[in-house]
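A.B. asks: Here are the chains, one letter per residue:
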Amino acid sequence: MSEVGAATADQGRALLALYDRAVPQVYGYLVSRCGSAPVAEDLTGETFLAAVSAVRRGTVPEMTIAWLVGVARHKLVDHWRRAARDERNLQLAAEDIREMDDPWDAQLDAARARDVLDRLGPHHRAALTLRYLDGLSVPEVADHLGRTVHATEALLVRARAAFRTAYGGRDDDG
Amino acid sequence: MADPFDTLRQPIAPLDPRTEFVAALRRQITHELGLDRPETGAARQTTPAATSGTPVTRVHEGYHAVNAYLSVGDALAAMDWYVDIFGATRRGEPIVMDDGRIGHAELRIGDTVVMLADEFPEMDVLAPPARGGTSVSFVVYVPDVDATYQRALDAGAIGERPPADQFHGSRAGWLRDPFGHRWSISTPLPDGPPTRALSAVSGELGYYTLFVPDVDRAAAFYGELFGWSFHEATPTPDGVHLGRHVENTGVPCGVTSDPRYPGATLYYRVADVHEAVAKVRDLGGEVLSVTDYQAGPSAVCRDDQGVEFHLWQPAPGYS
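First to last, the sequence lines map onto chains A and B. 0 is the number of the first residue of the first sequence in numbering that gives the first Met the number 0; add one for each residue after it. 0 is the number of the first residue of the second sequence in numbering that gives the first Met the number 0; add one for each residue after it.
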């Protein structure tokens, strides 16, 4: 067996050894953000198969749960990208929301806020989830979404505005 | 100034997906990684045919692709027992080692060879008692399961489950033989599987509802505790709002507000709710109401001691 082959087998075994501890973390991360058990299962599957591909290509930086969650985050973004394609018309309407200044000193109720998040379009949901639920920096969000930092800032402003509208709207009928 | 959006920060709450999903995904990645075969990578390259997963077709007469090899504390006594109880026949002479232990012996039960030997602790070959139990069961067909079960118990076996008709078309019982091995003894039912094959899923928990004073607070609490995700439920036909569904639990559940009943209601799955309520009445229970929900008809019942439970016949798409 070549050296590369041996390294690959070692990393494969490391992935399997990590599997039982990693699955609840990856699935827990995904299900709380996409809000659907079947979608979370699909994405969990995609995450681990992507990990297998990375093992085969020898591109795993370090086989850890943190790395697997990072892979899961990319899969989640891909999922929202697909959802956005499916909802292109809806999304165009959402993008139409007037840009506005950001400061807002409301006290957000976290559970209700996540509920509101579930109702947003995929682009907005993706941006807000990466930025606020995951706590990524704006450049990191930009990297995940494949946008420039400037475009990401603008997207975040629109997403926050859409969120605020939805959150306020619920106030009226709740 | 603190950003109100900072409230959204959500650390990972670990959550187990369905066990079948976890097992299937493990099989898949193990296979993709080529780690589901004992051979090394080098061997795989040189002998692809031996590892391609093709089932074996050539075995010796009397053997099958998979054969049982039992380790027992006293091989000669065990052979006598299996001859008496399962009608086994001896196959050849046992191989006796220099120290008197049985190194190998064979029995035949019906069309199947069973191999056995004494314990060889130096090779970590140990009988179930030495390991505190067994994790393997044998399924053996016998002509009359009830007679065999009784004879086995009389001859020192421990009964685990007496023979009963099973949904898959056998009458089967479980026992532990005096040497610690577990056997399921089985006789096919003359008429095949019971006519209502759906009864296999009857009586399983299909749904449960938690009654709480405040649904939003419960959603916040259980959402944080277990990572449950909540979805608005469709209103019931009588206009009562159900509260919210939780769909990322093994058995789906709901949370609803009703100060009259703190606690939970269990919904047991049935194949036919009308048939089931008739049976509830026959058994001395009480049927309080039957309602057609979008998810399927459901009945509120009390058992013959007055304990309330619900029956639910899932509509298509609501399994």
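Hints listed in this document are in silico derivations from the structure and should not be mistaken for laboratory results. Since the structure is predicted, the reported quantities are computational estimates derived from the model, not experimental observations. The C-beta atom is built at its ideal place from N, Cα and C for all residues, glycine as well. Take these hints with a grain of salt, some might be off.
Claimed, not checked - Label pairs and their computed distance ranges (CB to CB):
id, chain 1, residue 1, chain 2, residue 2, range
1, A, ASP77, B, GLY249, 44 to 54 Å
2, B, PRO13, A, ARG118, 46 to 56 Å
3, A, ARG80, B, THR6, 21 to 31 Å
Stated by the list, open to error - According to the in silico footprint, chain B covers these stretches of chain A (three or more CB under 8 Å from chain B):
id, stretch
4, 42-53
5, 128-141
A.B. asks: Against this structure, judge whether each hint is valid.
C.D. replies: Against the structure, the hints:
The hinted range of 44 to 54 Å is not satisfied by ASP77 (chain A) and GLY249 (chain B), whose Cβ atoms lie roughly 27 Å apart. Between PRO13 (chain B) and ARG118 (chain A) the Cβ separation comes to about 26 Å, which falls outside the hinted range of 46 to 56 Å. Between ARG80 (chain A) and THR6 (chain B) the beta carbons are some 27 Å apart, a value that agrees with the proposed interval 21 to 31 Å. Given a C-beta distance limit of less than 8 Å, the hint that chain B covers the stretch 42-53 of chain A holds, as 6 residues qualify and 3 suffice.
Against chain B, the stretch 128-141 of chain A contributes 5 residues with a C-beta closer than 8 Å to a partner C-beta. That satisfies the three-residue criterion, and the hint holds.
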